[in-house]
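Visitor: Modelling step: build the complete structure from the supplied sequences, incorporating the hints.
So the protein sequences, as listed, match chains A and B.
Heads up, the first sequence is in the numbering used here, so the first residue is 1 and it goes up one at a time.
Heads up, the second sequence is in the numbering used here, so the first residue is 583 and it goes up one at a time.
Since the hints were made in silico from the structure, they are not lab data.
Positions of the beta carbon are idealized from the N, C-alpha and C atoms, including for glycine.
Since no wrong hints were added, every one of them can be taken at face value.
Negatives, chain B to chain A, calculated, CB over 10 Å:
(1) D595
(2) I598
(3) Q665
(4) K676
(5) K941
(6) N1069
(7) S1091
(8) Q1093
(9) L1153
Dumping the calculated SDA-like pairs for lysine to any residue here, alpha-carbon to alpha-carbon at most 25 Å:
(10) K281(A) to K685(B)
(11) K280(A) to K685(B)
(12) K268(A) to P805(B)
(13) K246(A) to R750(B)
(14) K685(B) to L372(A)
(15) K676(B) to N88(A)
(16) K690(B) to S459(A)
(17) K281(A) to R750(B)
(18) K246(A) to N683(B)
(19) K685(B) to A283(A)
(20) K246(A) to V641(B)
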Amino acid sequence: MLSFLLLLFLNALLATVSAESDYHERLNLRPLPQSLLASFNFRSKEWASAFAQQNFRYFPRSLGQILQHAHTKELHLRFSVGRWDAENWGSRVFHGAREGGNGVELWAWIEAQNEEEAFSRWLTLVNSLSGLFCASLNFIDATRTIRPVMAFEPEGNHGNASNLHLLHGMLPHEVVCTENLTPFLKLLPCKGKAGISSLLDGHKFFDAAFQTMAIDVRPVCDKAHDDCYLEMEQTVDMVLDVDRSKRPQDNPIPRPLPIEEIECDLSKSYSGGDTCYPLKKQAEPAWTLKELFGRPLKGACPLSDEEPGSEPLCINVPPERTINISTTGPYKEARSAMDTIRCFHLPQLTEFDLVLPEQQMTTGLVRQQPQLFAARTINGHGQERGSAQSVITNPSTTDAVEFVYLESLPWFMKPYLHTLRAHVANSPENPVKETYYRPAVDRQRGTHLEIRMVIPPASTLTLTYDFEKAILRYTEYPPDANRGFDAAPAVIRILSPQQGDEKGSYIRTTPLLLPLPTPDFSMPYNVIILTSTVMALGFGNIFNLLVRRFVGADEVPAMGAGGLKGILAAKLVSLKAKLGKA
Amino acid sequence: MALISTILALRRDARILKVPPYLSAFLILVGVAWLLVLPLDEYARNTYVSENALLPGQVHTYFTGSEHNVFRAYRHEVATLDQWSVEDRSRRLKDMFSESNLKVASQKYTYHVSGRNISNQNVYAVLQGPRADATEAIVLMAAWKNMDDAINYSGVALVLALARYFKRWSLWSKDIIFLIPGDSTSGSQAWVDAYHNAHDPLTIESLSIKSGALQGAVAVDYPAGPWGHRYDKLHIVYDGTNGQLPNLDLFNTAVSIAAGQMGISCTLQRMFSHADTYRDRLQTIFRGMLSQGLGHATGPHSAFIPYHVDAITLVTVGDGWHDEMSLGRAVESIFRSLNNLLEHLHQSFFFYLLLEAKKFVSIGTYLPSAMLIAASFSIMAIAKWVESGRPPKPPNPASTKPTTTPSPSEKDTTTPEPPSPELPMVVAKIGAETTLLPTSSLEITERSLFFPLAFVLSTHFLSLLPLYTFNNLPQAHLRTTFFLAANLTPILPLLTAFLLRRLAPSRPSAQEITLIQCFSLLFLGMILSTLATLNFSLSFFIGVLCSPLSFVRMTRNYVASGAMFLGLAVLNPVLVVQVASQVGGVGVLEVLLKAAEGWHVWGLWTQVVVWLVWWPAWFVGSVVVALGFF
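Guide: Set out below in structure tokens:
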């Protein structure tokens, strides 16, 4: 039997770290079933006065200038791939506050006098970031931009909030890949050369079961001193499948193991030489950082502070788990939270590795239950209409959960608001408390829907609405039009009970694939070819008639006789002319 | 103008009405002959993979080695489940899936059909693609029982083993759903209905886990027991409900992987030995058309196709040297190909007739066949309409000439004077010219439309009765009701004709009879040509079976009437169904049960065509013939 130890959350620990130093980095490791959660966090800050004078130290100049140019006071940018498996992995990292919807998500508070100015600055921001991060952020245009009302709150301290505008955009089908990771790493002071960022390798990172990159910039003001600084937080969360990540890079194919290496269930009556019922592995798998991340950890980043409580590497395992350290340099270990969290001060300029052997565990860690489970799907079939369904479950047996549900739908998916139904199984009460709805305008803007709802304890809320699919103009279809169109994930912000810190706790559903009526694109192609041929024929004839000079047959002296005779005659004439000249 | 007036003048020509029956017969002959030339090399084309992304057979497959040992263990494990209750079986299958770290759920379903309960459970597991975003999914399934009601031991074990093996790969760009339906037709129907939320939640459980839009489905049918069985060929089943077909690219991918990469030859439509002769190709087309025309579910894949999810079933047949691992590797390779898809399968054909695994006929080539047959009815309907507009006895202007004397019999009965002076004439003047015209040639014959329309429409409406009865009758009464219908069907036209004559001796007049036939044929032609674009084969077969209806007519000649009526009685829908089911080796009862199940579970509408199109058309034709007796 596993006896459970109390788990103190790493996130909480992170929050207590004093924000005194100017650069801080930390990697938290937490084993999950068959996988490992690696949560990287890099924090740098710049005093407001220095920032205003473009005096950048840890804050990247490229990003800083963009923010100044676009008058952006607070920025949140997310790149995400994969799904967080809440059933097996429990609650999200930072309660989902540093997580984005699949693809790219961006929201920012922009200082402007009016909405038009805010939007033009937003376009500036989006286009600049697009270049900086090699992402198609410039596709966030008016149709994909919304102005959320309840779902987001500024994290920073803004003195004058009246002229701040919140804009939000999502690109659900953006494929996040190495070209986005490289500029992300370049923003770091140690640029992936030293410190925990040296572990971030594109191959392993994008082979993970879930990964998200986040950039958050916010102003923080010390109320007592009245000095403000700009804080930039870069976060990378990834869930590595241990078996998959341990495969060597030159042989990544999961070939079947030799039969000797498979543990067979010998209690089965049919078990024998050629028959093997595989046993599920119970032991915690062995791994090292180098195996999992494909690179060694190249010591500490010299720019980070070395105070106690700000160790760059922490691992959250039961105390009985054996951890061997492999390094030649000096390091320090600190334990906290009943020894379930072990943190390490890394040596500089020396490789450092954690070596965990395979181990049969008797104790485990308590997995924090997520506050809500959410799933969203498209129902129905056909090309004309469909319905979307979100199923949100509150697993808690004691607390009702209040949350805001935000949908940002593309204009060609036209919801019928009168069909919006929210009902809780076994409860006659209407869970909807407040609705904010801004309908779509064709080709101008998308639908923006925010609903504040309450789910009673231990119940399931089903939200459905019908929609109609618009017919697009044939130039409006993207490449691979028959794939369908992606609708952005819904964002759920939990209002109460509040578990996270001021960042709030969020859940995002998966995006939807919306099949729209798609024309047969070979047909216009055929028509174009046919018309072009006809036009070419017509044009050729008319051009010929217009350009050709018509001459009466008797007016052509030399050409009287055709054929060989004619040619010979012409040659003779030209020869005569030459001779005459000579 | 001159041309138009010539054409208009042609309307009055007596010869014009002689042409349609010959034209109609000609079209039917051409329609049938058209189909017969399709197997020739000049008309068939070689299949090709149209979607570039599929790249069939371009990957190396690794499902070998120790996976074989695991597969054998799973097969033994599955074999122990056949005695277990449905709940226990589902629980154990779920356990086996969850040992591979997949998300597992089950679904209960119950259908009430013909007084029976079809009740079972589906088990399914979702492999979430590591980099996928839950927008797309592909399905691998093995029904617990196959179409022959044999337990699909090796198929289920293969799905379990592949689920464990696929989980280790990180290259999946789509979710993969592993589905084990409780039975081959209703189970997958219940699942796919619930997946699209088109189910009745009272009898069919909603799905607790879902993934994205389904992009394709492959079913495996391999009923070899725990000790295995080496097979010879893969039989690819592709017919969907109501004769809908999957995209030809999916079929081609399966054939090119199985035949090209794995060396397993493929066969279709139960043509297990196909010598690629004209005869074999024609037989393949015919079987394909029969299966399409019946529109029944032919495997677990059939339920997916109406939802625009392309699906096929791979069935192992014969005794040979291919083992389960080669089937597993074929499935692996098919899934690697489907995984490559960037778009929903749309490039290739959705309408085709297959001659063999690598030859097909596309819709442009075969469609005229059914269309010509449908057109033959429309032509006859137009001819009947024109005919009904003619005066009852067309006055022959030639008869005014003394050269043609009335026939002797007529002479005896009528007055001896020639009829010419009594023929009313009209003086017509065109410019300076004057001519005498018989008044009757200028008269407009009015068509009395009410009775013919009412008769045809009420016949069609009345046929809702057998449709409803056969779909909803309990099993115990089905056989007796069918024989009642079989006996009643030939008698009913006679009875109707008799009653019509008895109740209103002058009705229906000759014109009304013509109009009745006209409307009936018009309706038949319209429906069949529309149907040809949806279900070519059904339209073709119904068209051929109805073809005599174009040529029957009411005549007082008892011998001719008797022959026509007998001919029609032999071709009556109920008798055809009965004879066909006996020739096909399945009992009438089974056909009726499947039809009712199809109606309630699969959304089959073949019986709508039979009862609401074919039967009324036949009935109207028979009544017209039977009127000649009374």
